[in-house]
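Chain by chain, the residues:
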Amino acid sequence: MKPPFLSQFHPVFRRLLIAVILLVAASPSLLRATVDDALSFAYEAALPYYKQGYSIRKDAWGGDLGVHDKKAVSSQLFKGNDYWFLMASDVKGASLSVHIYDDKGNLVDAESWQRGRFAGARVFPKATGTYFAIVQILKSPEDRTPWALVYGYK
Amino acid sequence: MLHRESPHGEGIFPDCSPKKGLAAFPFLVAIAVTVLPLRADAPPKKIALSDFPAAAVQEVVVPVPSEIFAVLDKLGNPNWKAQLRDGKVRTPEDRARTALLLGNVIAEGFVAVEAEDAERVKELGRQVLTLAEAINVRKSVIARSKSITDKADQRDWRGVRAEFDGALQDVRGAMDELNDQDLSQLVSLGGWLRGTEVLTSIIDKGYSKDGAELLHQPELVNYFDRCIGSMTARLRRNPMVAQIREVLRKIGPIVNEGGDQITAEKVKTIHDLTQGVDQRIVNGGNGA
Chain A
1 MKPPFLSQFH PVFRRLLIAV ILLVAASPSL LRATVDDALS FAYEAALPYY KQGYSIRKDA
61 WGGDLGVHDK KAVSSQLFKG NDYWFLMASD VKGASLSVHI YDDKGNLVDA ESWQRGRFAG
121 ARVFPKATGT YFAIVQILKS PEDRTPWALV YGYK
Chain X
1001 MLHRESPHGE GIFPDCSPKK GLAAFPFLVA IAVTVLPLRA DAPPKKIALS DFPAAAVQEV
1061 VVPVPSEIFA VLDKLGNPNW KAQLRDGKVR TPEDRARTAL LLGNVIAEGF VAVEAEDAER
1121 VKELGRQVLT LAEAINVRKS VIARSKSITD KADQRDWRGV RAEFDGALQD VRGAMDELND
1181 QDLSQLVSLG GWLRGTEVLT SIIDKGYSKD GAELLHQPEL VNYFDRCIGS MTARLRRNPM
1241 VAQIREVLRK IGPIVNEGGD QITAEKVKTI HDLTQGVDQR IVNGGNGA
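Residue numbers (the numbering used here), protein chains in the order written: chain A, 1 to 154; chain X, 1001 to 1288.
Hints may be right or wrong, so weigh each one.
Unchecked claim - FRET-style restraints, in silico, Cβ to Cβ: (1) Gly1206(X) <-> Lys154(A): 18 to 26 Å; (2) Lys1250(X) <-> Ala127(A): 37 to 45 Å; (3) Ala1264(X) <-> Ala127(A): 16 to 24 Å; (4) Arg1249(X) <-> Gly93(A): 46 to 54 Å.
What the hints assert, rightly or not - Okay, derived cross-link-like pairs now, EDC-like style, lysine to aspartate or glutamate, Cα gap no bigger than 20 Å in a straight line: (5) Lys1046(X) <-> Asp102(A); (6) Lys1046(X) <-> Asp103(A); (7) Lys1122(X) <-> Asp1153(X); (8) Lys154(A) <-> Asp1073(X); (9) Lys79(A) <-> Asp1117(X); (10) Lys154(A) <-> Asp1156(X); (11) Lys1046(X) <-> Asp109(A); (12) Lys1074(X) <-> Asp82(A); (13) Lys1122(X) <-> Glu1093(X); (14) Lys154(A) <-> Asp37(A); (15) Lys1139(X) <-> Asp1156(X); (16) Lys126(A) <-> Asp1073(X); (17) Lys92(A) <-> Asp37(A); (18) Lys154(A) <-> Glu1116(X); (19) Lys51(A) <-> Asp1156(X); (20) Lys1146(X) <-> Asp1156(X); (21) Lys126(A) <-> Glu111(A); (22) Lys79(A) <-> Asp1073(X); (23) Lys1045(X) <-> Asp1073(X); (24) Lys139(A) <-> Asp59(A); (25) Lys1045(X) <-> Asp102(A); (26) Lys79(A) <-> Asp1210(X).
Claimed, not checked - Pulled a few chain A residues facing chain X out of the computed Cβ check, cut under 7 Å: (27) Gly105; (28) Asn106; (29) Ala110; (30) Thr128.
For the record, the hints were derived by calculation from the structure and aren't laboratory data.
Cβ atoms here follow ideal geometry from the backbone N, Cα and C, with glycine treated the same way.
Model the full assembly from the supplied sequences, consistent with the hints where possible.
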């Protein structure tokens, strides 16, 4: 049985309308699924650090970005801790980067690495306060590339 | 829990204000990269902070108490057992207070882990389950509660910390799925308040500038204030939520100062403020 409001439309238009409704309804969950995949990869990148004694937070950041787009992720860091930020995407062929800046815009990476769809940056904060992880998609076969960022501390 | 942006960079503050969008936060610091685009091998040494579109900034993740406690352990040898609260909490009827209390109890779990008190850890794991049930998110933490007990028995303290962190995120994720983002924020806020009460208590007992600097958390305090500001009018009028906002606005100017400006007196002030509100979260009424 068709919903009554659909009966007023031509069958072809009706099918098109249903397809559009289904696509719109599905798109947030599709995005969520793929960002969740990116998150799984980010946790995979964090695993070696967990084995080195870092506590990896369950809280994380994520979204999707176009090629060369950047995003700043704000984070409260504490002097005395040693942090690793790990970023990843589920898109094969993507390349991305993450670097840490203090609230005055100075690069504070103690070290960083970038390997395809994985990247990491380490920081020993010189002061307690707000820091920014700048994430960027360097290249990707997709228009929008899902990404996720996790961090660990010890 | 994943702090997401919605498609194409819109609505980047999902936790605080999915209703109001970016316009509600024009004051948020944003980042503009002023030199060449970032490259993996050569990130710019300096970037400019300016009024760039807020869509370029994603919201702060609230640290768990153990991130701060880890530093305190390096600075000295705090008496964690002395920080533990006694007794069992009662489940409030007010959902807002229940959410605050749930966060508060999870934060207490981190204190119990520092104190390496396995029995207390297990009791708190059970309290988390009871409180989660009261706000319809019990299912999300059943496995966590069991893992907390198992890992406490094994004295796997890092594992217990991860489970409390996981419980916090699972509860918040479940609330978000129920469209209870406001309550989800109150869980975080309840945890931060208890963590700050304990932090200030320890610093107060042996003041040092390095310890006091841990209170320099201006963005977090602003974040919580913004979160309350974006809650429903009904929740903003909740006496406990209103009192917490007042407390945040008193703490804000103190933690906004440079870390080396936070004196022993200011630490005491923050302690008294957070202790007062935490007592009210636990006991209800005026916290007496």
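Each hint, compared with the structure:
no.	hint	result
1	Gly1206(X) <-> Lys154(A): 18 to 26 Å	holds, 23 Å
2	Lys1250(X) <-> Ala127(A): 37 to 45 Å	violated, 23 Å
3	Ala1264(X) <-> Ala127(A): 16 to 24 Å	holds, 19 Å
4	Arg1249(X) <-> Gly93(A): 46 to 54 Å	holds, 49 Å
5	Lys1046(X) <-> Asp102(A)	holds, 9 Å
6	Lys1046(X) <-> Asp103(A)	holds, 11 Å
7	Lys1122(X) <-> Asp1153(X)	holds, 8 Å
8	Lys154(A) <-> Asp1073(X)	holds, 11 Å
9	Lys79(A) <-> Asp1117(X)	violated, 27 Å
10	Lys154(A) <-> Asp1156(X)	holds, 16 Å
11	Lys1046(X) <-> Asp109(A)	holds, 12 Å
12	Lys1074(X) <-> Asp82(A)	holds, 12 Å
13	Lys1122(X) <-> Glu1093(X)	violated, 24 Å
14	Lys154(A) <-> Asp37(A)	violated, 26 Å
15	Lys1139(X) <-> Asp1156(X)	violated, 24 Å
16	Lys126(A) <-> Asp1073(X)	holds, 18 Å
17	Lys92(A) <-> Asp37(A)	holds, 12 Å
18	Lys154(A) <-> Glu1116(X)	holds, 18 Å
19	Lys51(A) <-> Asp1156(X)	holds, 14 Å
20	Lys1146(X) <-> Asp1156(X)	holds, 14 Å
21	Lys126(A) <-> Glu111(A)	holds, 15 Å
22	Lys79(A) <-> Asp1073(X)	holds, 13 Å
23	Lys1045(X) <-> Asp1073(X)	violated, 32 Å
24	Lys139(A) <-> Asp59(A)	violated, 26 Å
25	Lys1045(X) <-> Asp102(A)	holds, 11 Å
26	Lys79(A) <-> Asp1210(X)	holds, 8 Å
27	Gly105	holds, 4 Å
28	Asn106	holds, 6 Å
29	Ala110	violated, 13 Å
30	Thr128	holds, 5 Å
Violation of the numbered hints given earlier is confined to hints 2, 9, 13, 14, 15, 23, 24 and 29; the remaining hints are satisfied by the structure.
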